[in-house]
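Engineer: Sequence lines, in order, name chains A and B.
All letters in the first sequence, in the order written, are residues -3 to 151 by the numbering used here.
All letters in the second sequence, in the order written, are residues 7 to 800 by the numbering used here.
Hints should not be assumed to be uniformly reliable.
[Said to hold, decoys possible] Once the Cα atoms are required to be at most 35 Å apart in a straight line, the calculated DSBU-like pairs of lysine-lysine come out as:
hint, chain 1, residue 1, chain 2, residue 2
1, B, 26, A, 28
2, B, 66, A, 148
3, B, 252, A, 28
4, B, 459, B, 797
5, A, 28, B, 66
6, A, 114, B, 462
7, B, 69, A, -1
8, B, 283, A, 28
9, A, 140, B, 786
10, B, 26, A, 140
11, B, 282, A, 28
It is worth saying that the hints were derived from the structure and are not from the lab.
Model, not experiment: these values are computed from the prediction.
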Amino acid sequence: MAKVTMTVNGTAVSHDVPDNTLLVSFLRETLKLTGTHIGCDTSQCGACVVHVNGESIKSCTVLAAQLEGADVTTIEGIANGDELHPMQQAFHENHGLQCGFCTPGMVMSAIELVERNKNLSERDIREGLEGNICRCTGYHNIVKSVQAAAEKMGG
Amino acid sequence: MPEGTVNNGIGASVRRKEDKRFLTGSGRYTDDINRAGQLYAYFVRANVAHATIKSVKTDKAAKMDGVVAVYTGEDVANDGVGGLINGWAVTNRDGSAMTEPPHPILAKDKVRYVGDHVAMIVAESAAQAMSAAEAVEVAYDQLPPVVDLASAASGAEIHDGMANNTYFDWELGDEAATAAALESAATVVNLTVRNNRLIPNPMEPRAAVVDYDPIADSYVLHSTTQNPHLLRLVICAFVLGIPESKMQVIAPDVGGGFGSKIYLYAEEACCTWASKKLRRPIKWTADRTQAFLSDAHGRDHINKVQMALDSNNRIIGLRVDTLANLGGYLSAFAVATPTYLHGTLLSGCYDIPAIYTNVKGMATTTAPVDAYRGAGRPEATYLLERTMDAAARQVGMDPAEFRRLNFIPKDAFPYQTAVALQYDIGDYEPLLDKALEMIDYKGFAGRRAESRKQGKYRGIGLSSYIEACGIAPSAVVGALGGRVGLYESAVVRVDPTGTISVFTGTHSHGQGHDTTFAQLVTERLGVPIERVEIVHGDTNRIQFGMGSYGSRSLAVGGTAISKAIDKVIAKGRIIAAHMLEADDADVEFKDGKFTVAGTDKEKSFGEIALSAYVPHNFPHDRLEPGLEETAFYDPLNFTYPAGTHIAEVEVDPATGVVEVVDWACCDDFGNLINPMIVHGQVHGGIGQGVGQALLENAHYDDNGQLLTASYMDYCMPRADDLPSMQVDCLVTACTHNDLGVKGCGEAGAIASPPALINAVIDALTPFGVTDLSMPATPEKVWRAIQDAQAKAAE
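Using the sequences provided together with the hints, build the complete structure.
Structural biologist: Structure representation (C-alpha cells):
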C-alpha cells in the first residue's frame, strides 16, 4: 500500500491505495470521480485524459503513487460553478458530443491544445486530437467546437 | 407556437438537453454504478479457435485470495440454464428449416472461437478475479480452425450435424427472369466484392452490474444495452426462467452502441445467474481486448454480382450470390442482417425489373457476426454502387449520368421492387444534382489537373443509396423470419402543474432523444421545452419497448409519442368542453390553448392539466380523471431514406496514402425535427464508413487468432484521418407516418464506403487499376499501382 497525497480539483486528498493503483482508478474508484472514463487498455483512446500540473495526460498510464503532491484537474473541476468552461460551452453550442463517453477526455485534451496555441489551424486541431478517439461524431463538430472555444479563450 | 416564445419545436436546431451532464462528468454509465458488497466477474476465454474441451480444472483458482466462486459450462448446464437465442429464422431455398445450433452461455463440450466463454471467476476485487483466471487450466483437443469464408463450406464441422458449415441457404427474387435478363443483355457486368469484417467499437465497453434481492427474489440489472426490454425478455424467458416482473433492467447512459449492444450476451446472463447463487451483487466490465474478442462483429461478406444492361444502358437484371460469415454461433439477429436487411435492398434506387439473390449464412471459428451500423444495407449498397461504377466504366458513361438514367423516376412511387419492398416515396435526381453542385463536379477536371502538377492523383466517387429503416413493421418482419414484432410504445404523462413526462420504449445512446422527442412535445402541446422530460432505459418505468437500432427511434418511437399526444389532446378537448360548457366538437386546440369556435372562451393547456387531476364535477359517464395516454404504434411500412454521397480523394503514388480532400452529400430523411442532430448523425456515419473503406479490418490469422484485438492493431479513424464534410438535406415526406420522418442514423455508414472506393479507383484509373478492396490502406494502394504498372509493361 502507498499513501498518496495530491490536490484534485482544488481539494487536498490523501488515501492509502495499493502500489499498482493507476491514477484513473484512484480518481474513479477511490475518489468516486467517475467523469474520467476508461475506453481501452493500451493508452490509445484518450477517454481518461486529465490535467496534471497543467498538462494533459492519459490517467491510465500513470500510477497514483507517482503523483505525490501533484495538482490534478478532472472534467468535474473545470466549470466555474454553473458556468461551463468555454470549451464545454463550445462543445454544447456546436454539437461536439453524442454519446458523451469520449467527451471528458476530448474536452480536457482540447483545453490544453488551445492553451498551448491559440492560433490553431484546422489541421493543427485534427493532429492535436489524434490521441483521442470518438466513434460518434466523425470529429467534424469536435473540430468546430475547438475552433469556437479557441476564439473565446484567446479573447 | 405561442407568440413571443423561443422556437424549440420541429425544425429548430435546439442545443441538446442531455449535454450538460456529459460535459461536466456527471453522466452515469454502467461502470460508474456500484452496489454495496459487490463482487467482480472475469471470464476465462478460449485461446484456441476450435477444440473440444477435455477438462477445465478450477481448484487452484478457487483457492486464490479473494475468489468466491469459479463456474464452468458444466455448472450452468447442471442448473438447467438455457442458451442464447436466435431471434430470426429463415427458410432454406429447398423449403427446409435453417439450422439453429445451441449457444451455451459457458461452453461445455467445445469452443468455437478465440474469446468463447469457458469459465467465470467471481472474486472480491476485479484484480483478484483476473489473476485467478490465469490459474484455471483448460485442456483442449484442438480441431482444425475454419477461418476463410470462401472455403468455409469444406472446412471441419463446427456444429454437430450441420452440413457444410451452413446455417442457412436462402433466396429471394425471380431466378429464371434474372437468368433470362442476363442471357439477353447487351452488356453483362461481373464483379466480386469483399465487405471487410469490422468490429463496432463503441467507446464505452460493455458492462453489467446485477443485484439479486433474496427477500423479494428479484433482480436489478444495469446493462450497457440498446434495448432493455428485449434484454429482459430474452434473459427471463429463454435463458434463466425468471418471471419478468422480478427483473428490472436499467440501461443508464450508454456510450454508443452501433448495433453491438442490441443482444443479450453471455456475460450478463452469467452474472445474473451467479448473483442469485451467491446472493451478492456482481459487476463485470469488459476491457477493450475482451470487447474486440467477444462483441458481435460486423459485415464480412463475399458478394458475387452480375448486372445485365440493355443496349440503352438500362439495367434489366441483377443477380447477387452472397456468402455471409456469421461466425461460430448465431448472434440474435445475425440471420436478419444478410437476408431481410440485405437481400431486400438490392434494387437500390434503381428501376430493375428482375433481381435474384442467394445468401448462404456460413459458420466459421470466429466471433459471432451481427448488425453493425447499417446492418446489411451497407453491404447491399457497397456491392451495388461499386457495380454501378464498374458498369458505367464498361459502357463508357459518366457515373453520375449512368445512375440518373437508371433511377426510379419520381412519378413511379409507390414503387414495388423485385425484392419484396415497396418504396412509398422518393425523388432521387435532385439529391444527385445537389450533391454534384456541392462538390463542384463540373470543376473536377481542373482540380485533377492541378493535383497532377503536384504529383498527386485525384479521384471522385459517387454513391447513390437507399436504405430501409424505421425497423418494423411487424407484419413484414414476421413474414421474413422475425420472431418479434417491431412496433414501439409511448406514454405521455401530463402532471397537474402541466409539466410532461414522455416514457419511450426506444433508447438513446448518443442520438439525442431527450432533445428531439421534447421538441416534438413542445411543438404539439405548446409547452416550453424545459417542462418536458424524456424517460427511457428502465423496464420498471417504461411500459414496453423495442429499443433503438435500425434508425427506428423517431420514425417508429417518435410516431408512437405523436399518437399518444393525439390522445392527450383529444381528452383535453373533452375536459375543456366540460369546463367551458361547450360541445366537444366545438373545441379546438392550437398554440397551447383550448378554444371554443366562434367565441372568446378559452382554457390554457395548464388549466386543463390541473383540472384533470382536481376534477370536482367531471361527468362520470364519459370522463375519467387524469391526463396520461399510451400509444403502441406499428407502422405500415419501412421508411426509405435515400441520397447521394460524393467523395473526392488525392492519392500519393509514392506512398499509397489516400487523403480524403472533400465530401459532399445530400440526403432525404423526410421531415427533420432537429437538423443539427441529423447532420451530426450523418457526420458520424461517414466517419465510420471512411474507417471501413480506408482503415479498419478485423483480421484473424490462419489459426483463428484475432490479430486486431487492441487499438494498437485495429485502426480506428482519428480526427486527422477524416475530412470536413458538406452535408445537406432535401425532403420528400414519408407518406405513412404522422411526422413524415424517415430516420438518419445509419445513412452515412451505408452510403460512404463505395463513394470512397469509387473515388480511389477513379484516381488510380491512369495506372489501369479497376478494382480495389477495403480497406484501401497505403500498402494496398501502393501495391495496386505497382501491379498495374507491371501488368501494363508486359
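Engineer: Indicate, hint by hint, whether the structure satisfies it.
Structural biologist: Consistency of the hints with the structure:
no.: 1; hint: 26(B) x 28(A); result: holds (19 Å)
no.: 2; hint: 66(B) x 148(A); result: violated (60 Å)
no.: 3; hint: 252(B) x 28(A); result: holds (30 Å)
no.: 4; hint: 459(B) x 797(B); result: holds (25 Å)
no.: 5; hint: 28(A) x 66(B); result: holds (34 Å)
no.: 6; hint: 114(A) x 462(B); result: holds (32 Å)
no.: 7; hint: 69(B) x -1(A); result: holds (30 Å)
no.: 8; hint: 283(B) x 28(A); result: holds (29 Å)
no.: 9; hint: 140(A) x 786(B); result: holds (32 Å)
no.: 10; hint: 26(B) x 140(A); result: holds (18 Å)
no.: 11; hint: 282(B) x 28(A); result: holds (27 Å)
Taken one by one, the earlier hints fail for this structure only at number 2.
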